[in-house]
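Participant: From just these sequences and the hints, can you work out the full model?
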Amino acid sequence: MASVVLSEAEKVYIVHGIQEDLRVDGRGCEDYRCTEVETDVVSNTSGSARVKLGHTDILVGVKAEMGTPKLEKPDEGYLEFFVDCSANATPEFEGRGGEELGTEIVNTLYRIFSNGSSIDLKSLCINPREHCWVLYVDVLLLECGGNLFDAISIAVKAALFNTRIPKVRVLEDDEGSKEIELSDDPYDCIRLNVDNVPCIITLSKIGCRHVVDATLQEEACSLASLLLSVTNRGTLTCMKKLGKGSLDPESIFEMMETGKKVGKTLHIALQKTLEKEESLGTTRQKVGFLG
Amino acid sequence: MPLDHRRVPGPEESQAPLLYAAPGEEEAAPGREAAALRPLLARAGLLSQAEGSAYVELSGGTKVLCAVRGPREAAEGRGRLLCEFRRAPFSSRGARPRPGPAAAARERELGLALQEALAPAVRLARYPRARLEVTALLLQDGGSALAAAISAAALALADAGVEMFDLVVGCGLCRAPGPAGAWLLQPSEAEERAAPARLTVALMPGLNQVAGLLGSGQGGPPESWARAVRLGLEGCQRLYPVLRRSLLRAAERRAAEGPRSTGSSA
Amino acid sequence: MAAMELRLPVPRKVVSQGLARGSDKHLVAPGDTITTDTGYMRGHGTYMGDEKLVASVAGAVERVNKLICVKALKTRYNGEVGDIVVGRITEVQQKRWKVETNARLDSVLLLSSMNLPGGELRRRSAEDELAMRDYLQEGDLISAEVQAVFSDGAVSLHTRSLKYGKLGQGVLVQVSPSLVKRQKTHFHDLPCGASVILGNNGFIWIYPTPEQKDEEAGGFVTNLEPVPLHDREVISRLRNCILALVAQKLMLYDTSILYCYEASLPHQIKDILKPEVMQEIVLETRHRLLELEG
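Chains as they are written, first to last, in the numbering used here: chain A, 1 to 291; chain B, 1 to 266; chain C, 1 to 294.
In short, the hints are calculated from the structure, not lab data. Among the hints, a few may not be true.
[Unchecked claim] Computed list of lysine-lysine pairs in DSSO-like fashion (alpha-carbon distance at most 30 Å, straight line): (1) A:Lys286 <-> C:Lys274; (2) A:Lys272 <-> C:Lys95; (3) C:Lys13 <-> A:Lys276; (4) A:Lys11 <-> C:Lys274; (5) A:Lys244 <-> C:Lys95; (6) C:Lys274 <-> A:Lys264; (7) A:Lys286 <-> C:Lys74; (8) C:Lys274 <-> A:Lys272; (9) A:Lys11 <-> C:Lys13; (10) A:Lys70 <-> A:Lys11; (11) A:Lys11 <-> C:Lys95; (12) A:Lys11 <-> C:Lys163; (13) B:Lys63 <-> A:Lys73; (14) B:Lys63 <-> A:Lys178.
[Claimed, not checked] Computed beta-carbon distance windows for the label pairs: (15) C:Leu73 <-> A:Glu72: 55 to 63 Å; (16) A:Asp120 <-> B:Pro177: 15 to 23 Å; (17) B:Glu33 <-> A:Val287: 53 to 61 Å.
Every residue, glycine too, gets a C-beta built ideally from N, C-alpha and C.
Facilitator: What follows is the structure, encoded as structure tokens:
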């Protein structure tokens, strides 16, 4: 991952500040940086979103395609995740440099979506054993400024909220052969229910305390962090220790409580923003990449 | 991870017969104590060519073999710990996994989890410009495979004489199905398959520090997960003496064989 | 209490636009003809083509007598002798340190061009060479003055004064070098309770004002005692103010920073970075600066 070098004294300054609940940019330990979300930013997708969290910049596109259901789950569609760490974000990603981070992010995304309740996969089935929707979720890292995982999960949720899948009908003739017909009305589409899609909260342990939404500098001071995925009702669907260090058992329990609390706030804020954008509709001028 | 191109991957369309088993045919697992641990067998130092090695078996099926190579000189400046987790193609119950990017990515995730669990324990600062390679090979998956691999890898590292702050002990858990399902320690493969949530914890028992944590699924609110973590850590503490003893036994065996290196030079 | 500010993006406005007096500046893009008059001399950022003087960078045209240069608006740092810079050690070599100063090439700090503990006029011994990493190691920050510029553009630094040397606790902000105004002094103890070093290379160091002057940055023993909360608040506020000024492309010097600091006082420190607050306080700063100029 993109890394910064700090001197000992700078690290000490950051750690002491967190001890006193005043971070270098004036935030408290449980504050997020100002975040911007916009959906429907690229048009050749079924749904897309862009999230800017401080200097972290993420673009997610969702494409819906038709495929065959997996053998173990004949009556469900499925999601596929891909992450592209472009060298735009940091020169370290050039060539194969970003591959390791990319796999880690992809695996984490599969993990947080692997439980049955995040997305109603049955609604993605067109006809059992034969056709289903496959949602390809492509994540692009445009800039890395710390706290990648949280930003990516917000962007994925926003993009899924924005996703519109065209309606199809299965026509069966007398001989039992099936034909698929795509609705020709572009507004005749299904939306996904994203209420249960979790968001990731990464808590970085710095000194004796933990912070949410760490900047690159703060990440350089942290030896271990805990990644939690939290749903809007405050249940956890994934937990994972990241980093080279170890954690005290007690601090893990504290971090889980913080994660639950922060996660709920995050979901409420995100839902409100997405609904606001939708209600404004075409009256709002799109900002896109010219902001 | 390099793919094995020489091997014929088999027909695209083959499936394991288990897929066609009538649902509900399998007998329900007999009720068991949630905190019961399966007997764990460990043996350190059984491979002759690796610097360190260990084998861990959980009664009921899981078999992991782990080898450590190094420390040897690395191209890059700082000491590095590289971990690889491999499944034998026939390790799991269902269809043989097709070699491909998806399988490789899954193995890499477990390799990374292994690395993150071991990194806090290894004193890498003592090995500048060197790398340590840890390979865990899962021979048979009978549940709690990652946990067994963590324990085996820590044993193998210790067996290789690598400087460590503490051993690392892994313990697997899963949540029994049902709305109020209890967390079970060291689940078997069948329990793991049916479980809505799974968790692996790794503990450094001497320092009482959590080295690794990886779990997902519908485990419910944080309180439920916290219960699981507590239960898992307790399990690790109970497994610790077994692993420690196997390590000491390996050392004893070595001592009985006589100091090899000095013996040959004399 | 957890705070989460999530919003829809709005187009950014730069307040200095429109008000800018930059209209009298002659701006060119690469390939633009500056003049067809052959009487002028070719300076940095230009080339001669078919009897014409053509710009090779985007920026403002500057003319000194017969010499025409184009100064790029956004560029890495070009060292000049006497500049004050803040830099980060990237490598310890034999008898010298490599320093990252936002220049095209890494700068050099020779062991012989720095003050060592125990008096200024001391011969550098072999022991000193071995102990170089004890003085400065990779990642450490220093303030220094440019001693010489080599022909390839690399910069040689010196710290032969008590005001230069290793930096202790504080916050580094990196901005474009063009936004730092050249002044008599780049070390400022601001009346709001903190000090800043405005490096000509765009590295800005904000730190608590040291109590005794003589114990200043020159030492190699860093004070790792916790900085009091009040000082931290001032430093964080200054940091955010500087970022606000940079976002709105205002020049950085002691007065502009101080005015911005004062304008920001009604807001919470963490709110300063919100786009609308940034706009508001920078606009106020601008007005006061214009009043001052009269």
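Participant: Look at each hint and say if it fits the structure.
Facilitator: Consistency of the hints with the structure:
no., hint, in the structure
1, A:Lys286 <-> C:Lys274, "19 Å, holds"
2, A:Lys272 <-> C:Lys95, "60 Å, violated"
3, C:Lys13 <-> A:Lys276, "22 Å, holds"
4, A:Lys11 <-> C:Lys274, "26 Å, holds"
5, A:Lys244 <-> C:Lys95, "34 Å, violated"
6, C:Lys274 <-> A:Lys264, "22 Å, holds"
7, A:Lys286 <-> C:Lys74, "28 Å, holds"
8, C:Lys274 <-> A:Lys272, "19 Å, holds"
9, A:Lys11 <-> C:Lys13, "35 Å, violated"
10, A:Lys70 <-> A:Lys11, "49 Å, violated"
11, A:Lys11 <-> C:Lys95, "27 Å, holds"
12, A:Lys11 <-> C:Lys163, "23 Å, holds"
13, B:Lys63 <-> A:Lys73, "29 Å, holds"
14, B:Lys63 <-> A:Lys178, "48 Å, violated"
15, C:Leu73 <-> A:Glu72: 55 to 63 Å, "59 Å, holds"
16, A:Asp120 <-> B:Pro177: 15 to 23 Å, "20 Å, holds"
17, B:Glu33 <-> A:Val287: 53 to 61 Å, "59 Å, holds"
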